[in-house]
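Start from chain R and add chain F according to the hints.
Protein chains in written order, with this note's numbering: chain R, 1 to 113; chain F, 114 to 226.
Derived by calculation from the structure, the hints in this document are not laboratory data. Accuracy of the hints is not assured; some may be wrong.
[What the hints assert, rightly or not] Here are the computed lysine to aspartate or glutamate pairs in the EDC-like style, where the Cα-Cα straight-line distance is at most 16 Å: (1) R:K57 <-> F:E128; (2) F:K169 <-> R:E101; (3) R:K70 <-> R:E52; (4) R:K71 <-> R:D38; (5) R:K57 <-> F:D143.
Chain residues, written in single-letter form:
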Amino acid sequence: NAGVTQTPKFRVLKTGQSMTLLCAQDMNHEYMYWYRQDPGMGLRLIHYSVGEGTTAKGEVPDGYNVSRLKKQNFLLGLESAAPSQTSVYFCASSTVISFYEQYFGPGTRLTVT
Amino acid sequence: ELKVEQNPLFLSMQEGKNYTIYCNYSTTSDRLYWYRQDPGKSLESLFVLLSNGAVKQEGRLMASLDTKARLSTLHITAAVHDLSATYFCAVHDSQEYGNKLVFGAGTILRVKS
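Next comes chain R alone, as it looks inside the complex:
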């Protein structure tokens, strides 16, 4: 099993550009999450999904959109990137079988100039 994978690993955007981050998991997990990690602030939840075709807002959703068309994939979109979105983005997934323990992907380091 590859677990949770994220594409790309690094990206540099100019202000106003758009991009999509892809998260894929091969563990058949129902729940998937997108977080951002900034120094000294722990992880903050952006959006999450409790199943295919369903998404919901987390703590810091502004400026981001998500889609979960397939159970194994969770996409995070930035329509018009801003310097405040410079961060490390982590995707995670979980399932009831493992007591909703979240398994994390390797992260995407995004810089917006």
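Frame of chain R; chain F shown alone:
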């Protein structure tokens, strides 16, 4: 709204010494998780604590949960350099749908030889 507070935020220890990291949270919860993060890496699950009085141990790390006090501790015994990392607690938000976790800000642990 669930708030999670870790302390200390930074801990510099001598090898061989013992210390405890504290994780306090503000509202009732039934599950708590501890994660480790090495610099530039993703989060790795350490412990899943599911009930009041739960205690888990792995090597030099021991975690416990007191749901009545809304407190979890991560105890480090006879620290070694390899334990240097950032440690996060994450609390299940029982008030919200989606099996969401709220993360503490993290404790940066440096073990000096």
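We went through each hint and held it up to the structure:
Taken as a hint, the K57 (chain R) and E128 (chain F) pair is broken in the structure, with Cα atoms around 43 Å apart against an allowance of 16 Å. Our distance criterion of 16 Å between C-alpha atoms is met by K169 (chain F) and E101 (chain R), whose separation comes to about 15 Å. This hinted pair checks out: K70 (chain R) and E52 (chain R) have alpha carbons roughly 6 Å apart, not beyond 16 Å. Annotation: proposed proximity of K71 (chain R) to D38 (chain R) is violated, straight-line Cα distance about 28 Å (limit 16 Å).
Proposed proximity of K57 (chain R) and D143 (chain F) is contradicted: the alpha carbons are some 22 Å apart, above 16 Å.
Hints 1, 4 and 5, counting from the list given before, are not met by this structure.
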